[in-house]
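*Asks:* Each chain is listed here by its residues.
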Amino acid sequence: MLIPTPLRSYTANAAAVSAHGTTLDQLVSDLDRQYPGLRFRIIDEQGAIRPHIRFFVNRLATRDLASALSENDEVMIVGALSGG
Amino acid sequence: MAKIKSARDRRVTLLVSTRKGLWQLQSDPARRTWHVTGPQFLGHTVHHCIVDSRDKRVMLAAARTGHLGPTVFRSSDRGRTWHEAKQPPAFREGSGRVVDHTFWLTPGHASMPSVWFAGTSPQGLFRSDDGGATWRGVEGLNEHPQRKAWCGDDQAGTPDGPKLHSILIDPRDARHMYIGMSSGGVFESTDGGSNWRPLNRGVRADFLPDPDPEYGHDPHCVRLHPALPDRLYQQNHCGIYRLDRPAERWQEIGAAMPKSVGSIGFPMVLHPRDPDTIWVFPMDGSQVWPRVSPGGKPAVYRSVNGGKTWQRHAKGLPKNQAWLTVKRQAMSADAAEPAGVYFGTTSGEVWSSRDEGRSWKCIAAHLPHIYAVETA
Numbered sequence: 001m002l003i004p005t006p007l008r009s010y011t012a013n014a015a016a017v018s019a020h021g022t023t024l025d026q027l028v029s030d031l032d033r034q035y036p037g038l039r040f041r042i043i044d045e046q047g048a049i050r051p052h053i054r055f056f057v058n059r060l061a062t063r064d065l066a067s068a069l070s071e072n073d074e075v076m077i078v079g080a081l082s083g084g
Numbered sequence: 085m086a087k088i089k090s091a092r093d094r095r096v097t098l099l100v101s102t103r104k105g106l107w108q109l110q111s112d113p114a115r116r117t118w119h120v121t122g123p124q125f126l127g128h129t130v131h132h133c134i135v136d137s138r139d140k141r142v143m144l145a146a147a148r149t150g151h152l153g154p155t156v157f158r159s160s161d162r163g164r165t166w167h168e169a170k171q172p173p174a175f176r177e178g179s180g181r182v183v184d185h186t187f188w189l190t191p192g193h194a195s196m197p198s199v200w201f202a203g204t205s206p207q208g209l210f211r212s213d214d215g216g217a218t219w220r221g222v223e224g225l226n227e228h229p230q231r232k233a234w235c236g237d238d239q240a241g242t243p244d245g246p247k248l249h250s251i252l253i254d255p256r257d258a259r260h261m262y263i264g265m266s267s268g269g270v271f272e273s274t275d276g277g278s279n280w281r282p283l284n285r286g287v288r289a290d291f292l293p294d295p296d297p298e299y300g301h302d303p304h305c306v307r308l309h310p311a312l313p314d315r316l317y318q319q320n321h322c323g324i325y326r327l328d329r330p331a332e333r334w335q336e337i338g339a340a341m342p343k344s345v346g347s348i349g350f351p352m353v354l355h356p357r358d359p360d361t362i363w364v365f366p367m368d369g370s371q372v373w374p375r376v377s378p379g380g381k382p383a384v385y386r387s388v389n390g391g392k393t394w395q396r397h398a399k400g401l402p403k404n405q406a407w408l409t410v411k412r413q414a415m416s417a418d419a420a421e422p423a424g425v426y427f428g429t430t431s432g433e434v435w436s437s438r439d440e441g442r443s444w445k446c447i448a449a450h451l452p453h454i455y456a457v458e459t460a
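From first to last, the protein sequence lines are chains W and H. Take the first sequence: its letter number 51 is residue 51 in this note's numbering, and every next letter is one higher. Take the second sequence: its letter number 156 is residue 240 in this note's numbering, and every next letter is one higher.
These are computed hints drawn from the structure, not numbers from a lab. Each hint should be verified, as a subset may be incorrect.
Stated by the list, open to error - Label-pair ranges, simulated between beta-carbon atoms:
1) W/Asp30 to H/Asp296: 54 to 62 angstroms
2) H/Pro113 to W/Glu74: 56 to 64 angstroms
3) W/Leu2 to H/Ala311: 50 to 58 angstroms
What the hints assert, rightly or not - Counterexamples of contact, computed for chain W against chain H with all Cβ distances above 10 angstroms:
4) Asn13
5) Ser70
6) Glu71
Just so it is clear, CB atoms sit at the ideal spot from N, CA and C, and this is done for glycine as well.
Only chain H is shown next, with the shape it has when bound in the complex:
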């Protein structure tokens, strides 16, 4: 169970990864005012920056530039200084595959303080055993004989490139992992990554010839609740889903969203303590998939009963002509009481709620295209 922070400890830091660098936003203890610092890595595309949940001084950042290949940087002083990985994630020589960018970073299990995982575009899973200095492919996935059937060609992906994301480690068992692949679907390993199997039953894939396939799905963001690790949620290209293991079949919970809004989006955010409270940011998924706030009226939707019903929360957000896009890593919650919720837009705004999503305030604007917002 996540600890509730005392008033003194309630200062929150947000790590804002953008197409042109990394910024940090730091709050006062009440989370009313925010101070923006940065940029770091100016000009680099920073897809993800995350703090190590096992040692809060450590951060990893995945970066590339328009011209230079992908790499990973590590800080052990909360972002004051950074050192580049000696051996960034790269596919096996001779495999014919090339990492375009590292997209997702996840600290390993608490019992393995030097282990990190990285997901790349195109879909690849990598592991570091030395805190992010050197990386090797998780060959159980990258060389799996079914990988190409699961994911398709490396060129056959979303316009921003196919991705491996949502690397989830079961806090009770370091060998039990889930990943999401866009496309590919959700996959599970119970042996630390040596073997994987699809876990997509119940999830629609209505863009495929077979709308109920075993794999080939497009999960946008998958989350596992740390206090109830058998509870998974996913925001998918085809709706919002929940899975309570050991069940194998996902339940569609997005069907309870208003028809005029739909259930398409990228991020999926879980409450730090209550496994039944979740947030999504719906976007228009009609026709050519505009992926902006439906009707230009942005709102966050919250469920407090595991997705049975949803409430619209738009207080403080623009009422119309606001065509916001929020990417899959660009929305998160802090661990305070009440929980703070945050999202960043591709138009460079960061929005904050200090009342669990009921009301919103813009705390930064004019930043570059935001890829990720993580609390630190």
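Same shape as in the complex, but just chain W:
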């Protein structure tokens, strides 16, 4: 997984980490298990991706946490660029 700079305080500044899951939702949960607190910063309490967060799976954008994943998929989390 590729981690954007706003989340690297959770990953000890690692830009890329490994996580496991057969869906994007499971992957983020595994990420939270490894780096507690990270999930709530990008997924709200109703299970929705926060408005300015984007996920790319193998460079394709998705907002569906049920998206199926395969081993060695590359998942990128992006803080959408906006505002000033």
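Chain W is fixed; fit chain H onto it per the hints.
*Replies:* Structure of chain H alone, referenced to chain W:
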């Protein structure tokens, strides 16, 4: 009654929460010179940072960033190091509600040293029993069958988001609490938050179809005097009010303000010892609610008789073309003798008075948009 600080102890620390991080300002014992340190949480929107009145080493800060969701940080060494809450304030899963940001933090009653309360946007009340590490909703309010009638939809709020603020604990009774909701009004609980009732009689709501409703008001800031806990003041969207319990009807004290200035503003500041001395920072509430100093001439107004009369204090402040905005948590007083009064502006200035508001000096500038100024 608040203790008067000795000369040696008169160094004051201000916690300045801004749209881009947290700064601290520390004074010399005379409060003449100030040293700015920070930032901490650079790039985070820090809505509120407050010291624990029961243990001055402890601080809590409510933060989020433009992209990341809301959280709470705790320090137990006066802000040197911070640890994030394991479970920040969040609404019940399945409720359909989402905390946009934690807006207001209040230490619990002195008899409950690990208890904290948080108010959120949209309106939600949360409690921590472990010093801010984990938070749970106060369901007596968040799930109250009348909540939606009181507050409206989560999207129907002020441009910065509807808020729960002004969480007040009666120092004589931990179960007796007040809160302010914008919008919603002032509400009271006598059972530790299990149930709530509106307490708004006498407060105008002239933006509603019924100008004298039971709820739906817009209190901007509500304060309870620690030395006289039956005395409440509020700066409201529709004026300034005072309530002396057990009375139920607020008295409008803003009517005594000059008509050319009006009685609209955000903060409400109480003297640390004298329940009759209060400060407000009037802002233009006309037409489209510009919320800047009326006429570009900023002034603090002080009453020393519980709001019967008001005095304008502008010495040291810019005389014109100064369109200052001061938000509801961005003005406070210290506990020294004479009391110091402070305010921070959305244009990033911090102003200080060491003579109870009579004269003012700018002690910091060029900070980001200031949300809160608290003494520590």
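*Asks:* If a hint holds in the structure, say so; if it does not, say that too.
*Replies:* Comparing the hints with the structure gives:
no.: 1; hint: W/Asp30 to H/Asp296: 54 to 62 angstroms; in the structure: holds, 56 angstroms
no.: 2; hint: H/Pro113 to W/Glu74: 56 to 64 angstroms; in the structure: holds, 59 angstroms
no.: 3; hint: W/Leu2 to H/Ala311: 50 to 58 angstroms; in the structure: holds, 56 angstroms
no.: 4; hint: Asn13; in the structure: holds, 15 angstroms
no.: 5; hint: Ser70; in the structure: holds, 28 angstroms
no.: 6; hint: Glu71; in the structure: holds, 28 angstroms
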